[in-house]
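J.: Listed here are the chains, written in short residue letters.
Protein chains: 2
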Amino acid sequence: MTSLFRHLRVHQVFGANTDVGKTILTTALVRASAKRGKDVFYLKPVSTGALEDADDHHVKRYTNDLLGKVHPECLFRYDEPVSPHLAAKMKEGEDADNSIPTDETFITSISDRIRYYAKKASDPSHMYVETAGGVHSPTLSGTTQADAYRPLFLPTVLIGDSKLGGISTTISAYEALLLRGYIIDAVLLFQDEYYRNGEYLKPYFEERGTFLATVRPPPPRLSNPTENFISTEGYYKTITSAEVGDEAGLVVDHLDVRHKSRVDELESMPRRTLDTVWWPFVQHGQVKGEKDVTVIDSAYGDFFSVTKKSESTDTKRALLEPQFDGSASWWTQTVGHAHPSLTLAAARASGRYGHVMFPQATHLPALNLAERLVKDGPGKGWASRAFFSDDGSTGMEVALKMALRAFALRHGSNLGANEKKSLGILGLKGSYHGDTIGAMDACEEGVYTCEWHNAKGYWLEPPTVGIKDGQIAITVPGSLASFPSSQTVNAESLAWVYDVENRLHTPLARAYALYITRSLEALAARGGPKLAALVLEPLIMGAGGMLFVDPLFQRVLVDTVRGRRSGSSAQWSGMPVIFDEVFVGLNRVGVESAGTLLGVYPDISVNAKVLTGGLVPLAVTLASKSIFEAFLSENKAEALLHGHSYTAHAVGCEVANETLRLIDRLQLSDEWIAAKASWAKPDGSESPVWSLWDPEFVRAISRLEQVKEVMTLGSVLAIKVQDNTGGYVSQSAQETLKALKACSSTHGDLSAAPGGAPFSVHYRTLGDVAYFMTSLNTSPTVIRSIEDRVWTALSSTSQ
Amino acid sequence: MTSLFRHLRVHQVFGANTDVGKTILTTALVRASAKRGKDVFYLKPVSTGALEDADDHHVKRYTNDLLGKVHPECLFRYDEPVSPHLAAKMKEGEDADNSIPTDETFITSISDRIRYYAKKASDPSHMYVETAGGVHSPTLSGTTQADAYRPLFLPTVLIGDSKLGGISTTISAYEALLLRGYIIDAVLLFQDEYYRNGEYLKPYFEERGTFLATVRPPPPRLSNPTENFISTEGYYKTITSAEVGDEAGLVVDHLDVRHKSRVDELESMPRRTLDTVWWPFVQHGQVKGEKDVTVIDSAYGDFFSVTKKSESTDTKRALLEPQFDGSASWWTQTVGHAHPSLTLAAARASGRYGHVMFPQATHLPALNLAERLVKDGPGKGWASRAFFSDDGSTGMEVALKMALRAFALRHGSNLGANEKKSLGILGLKGSYHGDTIGAMDACEEGVYTCEWHNAKGYWLEPPTVGIKDGQIAITVPGSLASFPSSQTVNAESLAWVYDVENRLHTPLARAYALYITRSLEALAARGGPKLAALVLEPLIMGAGGMLFVDPLFQRVLVDTVRGRRSGSSAQWSGMPVIFDEVFVGLNRVGVESAGTLLGVYPDISVNAKVLTGGLVPLAVTLASKSIFEAFLSENKAEALLHGHSYTAHAVGCEVANETLRLIDRLQLSDEWIAAKASWAKPDGSESPVWSLWDPEFVRAISRLEQVKEVMTLGSVLAIKVQDNTGGYVSQSAQETLKALKACSSTHGDLSAAPGGAPFSVHYRTLGDVAYFMTSLNTSPTVIRSIEDRVWTALSSTSQ
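Protein chains in written order, with this note's numbering: chain A, 1355 to 2153; chain B, 1355 to 2153.
Treat the hints as calculated values from the structure; they're not laboratory data. Check the hints yourself; a few may be wrong.
Intra- or inter-copy, both count: the list cannot distinguish identical chains.
Within a straight-line C-alpha distance of at most 27 angstroms, the following computed DSS-like cross-link-like pairs (lysine-lysine) qualify [claimed, not checked]:
1. Lys1556 <-> Lys1445
2. Lys2035 <-> Lys2062
3. Lys2030 <-> Lys1663
4. Lys1775 <-> Lys1884
5. Lys1414 <-> Lys2030
6. Lys1474 <-> Lys1663
7. Lys1729 <-> Lys1642
8. Lys1614 <-> Lys1392
9. Lys1734 <-> Lys1591
10. Lys1423 <-> Lys1392
11. Lys1729 <-> Lys1414
12. Lys1979 <-> Lys1645
13. Lys1473 <-> Lys1392
14. Lys1979 <-> Lys1990
15. Lys1663 <-> Lys1614
16. Lys1822 <-> Lys1783
17. Lys1783 <-> Lys1990
18. Lys1990 <-> Lys1392
19. Lys1473 <-> Lys1389
20. Lys2062 <-> Lys1614
21. Lys1556 <-> Lys1591
Could you build the full structure based on these sequences and the hints that come with them?
T.: Written out as structure tokens, the structure reads:
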């Protein structure tokens, strides 16, 4: 991700198959580059087979006349002429010391060499990284090269196949590279008068915006080494000679043009964006200029690759740097950016269906997803139906329509038309359910509002859970009847806090019940809105400021409105209960859905975000049988007349199915098992809650003076900073985090981004709360590295 | 699409490359099948090279002992041993009569043979269709096989490559097939003790849910033909022998299991769907049972492949049939289902980015799309900014928030908090802007409502355009001041109606202006809502019943509220004007945006649906500079605080970019040029409007007694049926269309679906309006076929 330099153009060379002339054409490019630029670096990361046949030796042999301008190198060499993964295994078999390099080691080795050469290279220089075999040939660890090289995101030259069948292998290889998002700057192949693959492929690739060149084939190999050398050298000289058209040189020129236009394009993007784009949730009046624009060139795993904002005039500096996606791209990222399984899921659904009509129709991706969610997912135990829409906000509008209709139907005879329009929501202060106006109307008046916003309902002030000075504490607001002023109740452990069943008979539970009952009575007494639905973000109110609500309070609230204590029932009672699990659902906070923790199921719930693994929009509203039946009749007008054009689009559903499959596998992963163990109860038994963040780290930062409170569940870490102490302690989370951002340059030693490059951290704040969110499969190494940075940043602000 | 039969299992055999043993392994499968089933059909659609080496001859030679159970056949045979596209070209060169078969002819030939064999086959029988070369080897026309065979959607056996490099070619070929949505039932390859590709690939494919089997390699070819025959025959007998494990037979068993489970799954889908899915816009109380569920197995081009609803007990009937997607899948479909270019666009964006954060960030797919839309698309000439959201409804909520804020800011000092909440929309009766509650509140009370719906504004009754008895007529409602009762004004041509500039000085224009002014004065006089925005669906109100509004009326309305006559201005005047172009935009009705036709630009506009070519949800709200500036300040709370998690997701943006590129190319297509010519003015000059539907056909059906009115623009055809005459004329569009549906079985001769199979028509109605919508690239042949069916259906109801 750090391999883009102005002065050093780097390309990786992939082959459509083995034995297509990759080394010969790369050697030709190297020679042509040497004629044009200052230095040419040739890197063969892995070589298998006899030393004298090795590709780097070939390059060396046929560039010896170029006065030291060419620098060939090989990183991993194996004698056996087989695929690298087999060669590595055989060598490992010989001696336990020959352990097989991991992908991380492998990629870092290449990345290190690129950075090393970049320092050494004069302007302009070129570099070619020649892979082994075909695009999907396995590299040392067994990962196929197309996947293994992806973190480097090097622009690509694809060597096509000029033999019989070569049209197919060339196009297939090209598509395999596209599936990984690679920029393919050129396709090269030998001319062949009989099969004429180039003739077919040239217009094929031109139509797809990809440059293709054919180069005359090499002379036949001669048995006499000297004669062979002379003949081959003659060939290389010919194809880089101006007299016959400089076939290889023209390709090098094209690659130079592509390189320059890529750099120019990246540099133009901030200005162009500021001129045409209206960002969501951004006050453009506060955007000071191009430096405030993050240019994302690509993304992989937990990292964006962004253009480096540097005042440095160093012409040899890297133009891109990895940046940790610290908000999981607005809480969507689940298994890392550009996960090949999700790409393939999207591709196969697109290839089989595109998008197809859903009303009164069915297709496998949607049906499989509906069944998974209703019967064996967040709807297990209570839901009967899945209703698809496009995002959390539309999913909540659907949920509200369901609840309002169910309530209105039951109380129909007592409700006038105007009363129906003003039916109210019971919720919590700090709630947020999306930006469409209906979803906003289910929340209190607040910052996320518009002219038409009309808060319909009543919102209770909830107690929250946090850690301060290493101590778990429940902060109970002063508005609670039995608590005259805001106060803190200490808890023995997070496990205890989330063992809701166990806490049902505590005095706090009774205080909660009393507060809720009295509040509702008072509301009714002063003629407040008629409440028709209870709408909760279980466990955490995200956009409201990462408020970890005491789960006991939410449980008591549900029980109170239902007038009973039970997990589920055939019929809703009191008012329909909606769980907005758009943010917390599907293991974002360590549980698939909150119902299990709270010990109560909703009548309606909404999932989105994680649902599609962080790739495309899709939402689902689940409903119980009694909610569904409220819309059943012979009258079409009484149906739930809601739907979006792309309802249950096959791509989204198939990506969701794949995401849920990947999460199921994470349940069994060493990383999750270890994380759960680290949050086990003192007696070693399993806690109902856990986190990917380290408990010692969490407790440690909770003791820092400038930290007001910290809390974590699952992949989420929220740090509330002191904002009223002035002086050396920062005024807000944004301020505190500035120090964190600076880590990128000063703490290169903490790095863990792909390729071993120093990385920066992209973060979002909510007022005085700084939060960090990982993917569900972020590696412990990366998380530890973020923890170190957060610790360093917070410590630095207290000095 | 019609190749699924219970009694005849059909597989296509693709090769990872040429020379991987495709014919040998297919022969092995044929032999193993013959041991298990009744009949085995082997089809080699194209054979190149010497007759005695032809694959079908090989199959014949080595199955001669199987008592006539095996039926090999070749459809297209060429002598030259080169790729089929070259062989076909060479033969064409020899004699002009040897014209190269089109893809349509080629696929129909195969499809015909499958249907023929299905009639002949006993239960259970097997069929193998062996392709030529690799997955992407070009077939006769030059289209690569992976694309050319796609309309048949045959389940696939992929023959992997056991040689050096074969891991790469096998995986690449597999991915090329996945990109076309193929079901891959098995990967087969030869065992190879040295390269051990099978060892690597088995777990690789298992992890991806795909079965892989290795089969021992054949003996070396012997020079003596008899010895070679004996040796080869011995090989085939060995690998289908129970003693050594019946390698080929186990694969056949697996294919049988997959076949059965596919059929079972299709049959289970209606019940499972009825048990778990809550459909949009469907009254489940009216769904009578499984027969009311359309099971979509796949889709391609303009056709779904659906399970056939047949009462027939014919055990040999086809289980699937093509069904024309007559609503363009709720108005989204643009270039046909499963278009490979859109799949690749989605894949490359997913592979490069996944989804990445958008606030204060930028990435190429979003930036390129924003620039295209703002500067060189529907925003050209007036828009300054693009704001992305997820669907038409959210795009409209954004538009409303923009307009309300701009209005409130200008009139702020005169507006109380409650007045802001009840600012009204000026619109037309029959408007529809989406299902979220805010978008609904911008429309009149109507069927698409919910408890919270609160129509905010005032809606004028618009005049409409239609064709009756071959005559273009504008129906002017009685509410128009100068027209005491509803009446009809005849127009000379559609071209004349849509030449708005020319009509501005007609008496009708003055009558419109008077009506609008008086209506607004009357509204103000009776203390009606304060109007803050004019919201129009230009040209056609879609969901309201495909109402083609007189464009002159919309033009006069915009001019009137603006108090001036001009196309654009630096500042909005009167009230912001919103064009909801979600349905009509981006050439759905023949123009990229309505502004050009109406001669006025909006201040805000919304596009969705066609935007992403019918693949994934994405919407864009375009805004002028003066609207954007209404939100500019130093105060974050004054920003447009709206955004969805997947805002400007890279997949959607890249698919949109590709869609717009494909539409640009359609502009130059013969089909569009011919369609435009057919709608030219009487003097042959270009008309401002045109349609893909044939003008003679449109006029002809407008003369039918049971047709009240018909109208068309672009890809849309709307037929309003008589619903008050009783008797032999149907009571509603649904009734009339029942006759149309029946065409599928009785009018096979009209068929034009891929593979030449009879097809049915999937359609949606809006009350008394039947509408048909093609993709923008639906072939004239298909459109003519639909026209014939519509004509036949309408004629049959009048007999």
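J.: Confirm or reject each hint.
T.: Against the structure, the hints come out as follows:
1. Proximity of Lys1556 and Lys1445 under a CA criterion of 27 angstroms is satisfied inter-copy only: 23 angstroms between copies versus 42 angstroms inside one chain copy.
2. For the identical chains of this complex, Lys2035 and Lys2062 are intra-copy neighbours only, at 25 angstroms inside a copy versus 75 angstroms across copies, given an alpha-carbon limit of 27 angstroms.
3. Within a single copy, Lys2030 and Lys1663 get their C-alpha atoms no closer than 38 angstroms, and across copies no closer than 52 angstroms, so neither meets the 27 angstroms cut-off.
4. Both within a single protomer and between protomers do Lys1775 and Lys1884 lie at most 27 angstroms apart by alpha-carbon distance, with minima of 11 angstroms and 20 angstroms respectively.
5. Proximity of Lys1414 to Lys2030 under the C-alpha cut-off of 27 angstroms is found in neither arrangement, the shortest distances being 53 angstroms within a copy and 62 angstroms between copies.
6. Taking the shortest Cα distances, Lys1474 and Lys1663 sit within 27 angstroms of each other inside one copy (22 angstroms), while across copies they are farther apart (71 angstroms).
7. Taking identical chains as interchangeable, the C-alpha atoms of Lys1729 and Lys1642 lie at most 27 angstroms apart only when they sit on different chains, with a minimum of 24 angstroms there against 51 angstroms within one chain.
8. When the C-alpha separation of Lys1614 and Lys1392 is checked against a cutoff of 27 angstroms, the pair qualifies only within one copy, where the shortest distance is 16 angstroms, while the shortest distance between copies is 64 angstroms.
9. When the C-alpha separation of Lys1734 and Lys1591 is checked against a cutoff of 27 angstroms, the pair qualifies neither within a copy, at 70 angstroms, nor between copies, at 52 angstroms.
10. When the C-alpha separation of Lys1423 and Lys1392 is checked against a cutoff of 27 angstroms, the pair qualifies only within one copy, where the shortest distance is 7 angstroms, while the shortest distance between copies is 70 angstroms.
11. For the homomeric pair Lys1729 and Lys1414, neither the shortest alpha-carbon distance inside one copy (63 angstroms) nor that between copies (51 angstroms) is at most 27 angstroms.
12. In the homo-oligomer, the alpha carbons of Lys1979 and Lys1645 lie at most 27 angstroms apart only across protomers (22 angstroms), although the nearest pairing inside one protomer, at 53 angstroms, exceeds that limit.
13. In this assembly of identical chains, Lys1473 and Lys1392 lie within 27 angstroms of each other by CA distance solely inside one copy; the values are 13 angstroms within and 71 angstroms between copies.
14. Taking CA atoms no more than 27 angstroms apart as the test, Lys1979 paired with Lys1990 passes inside one copy only; the shortest distance there is 19 angstroms, against 43 angstroms between copies.
15. For the identical chains of this complex, Lys1663 and Lys1614 are intra-copy neighbours only, at 19 angstroms inside a copy versus 59 angstroms across copies, given an alpha-carbon limit of 27 angstroms.
16. For the identical chains of this complex, Lys1822 and Lys1783 are intra-copy neighbours only, at 22 angstroms inside a copy versus 59 angstroms across copies, given an alpha-carbon limit of 27 angstroms.
17. When the C-alpha separation of Lys1783 and Lys1990 is checked against a cutoff of 27 angstroms, the pair qualifies only between copies, where the shortest distance is 21 angstroms, while the shortest distance within a copy is 37 angstroms.
18. In this assembly of identical chains, the alpha carbons of Lys1990 and Lys1392 never lie at most 27 angstroms apart, being 75 angstroms within a copy and 50 angstroms across copies at closest.
19. Proximity of Lys1473 to Lys1389 under the C-alpha cut-off of 27 angstroms is restricted to the intra-copy arrangement: shortest distance 21 angstroms within a copy versus 68 angstroms between copies.
20. Taking the shortest alpha-carbon separations for Lys2062 and Lys1614, neither the intra-copy value of 49 angstroms nor the inter-copy value of 62 angstroms comes in at or below 27 angstroms.
21. For the homomeric pair Lys1556 and Lys1591, the shortest alpha-carbon distance inside one copy (25 angstroms) is at most 27 angstroms, but the shortest distance between copies (45 angstroms) is not.
The structure shown violates the earlier hints numbered 3, 5, 9, 11, 18 and 20.
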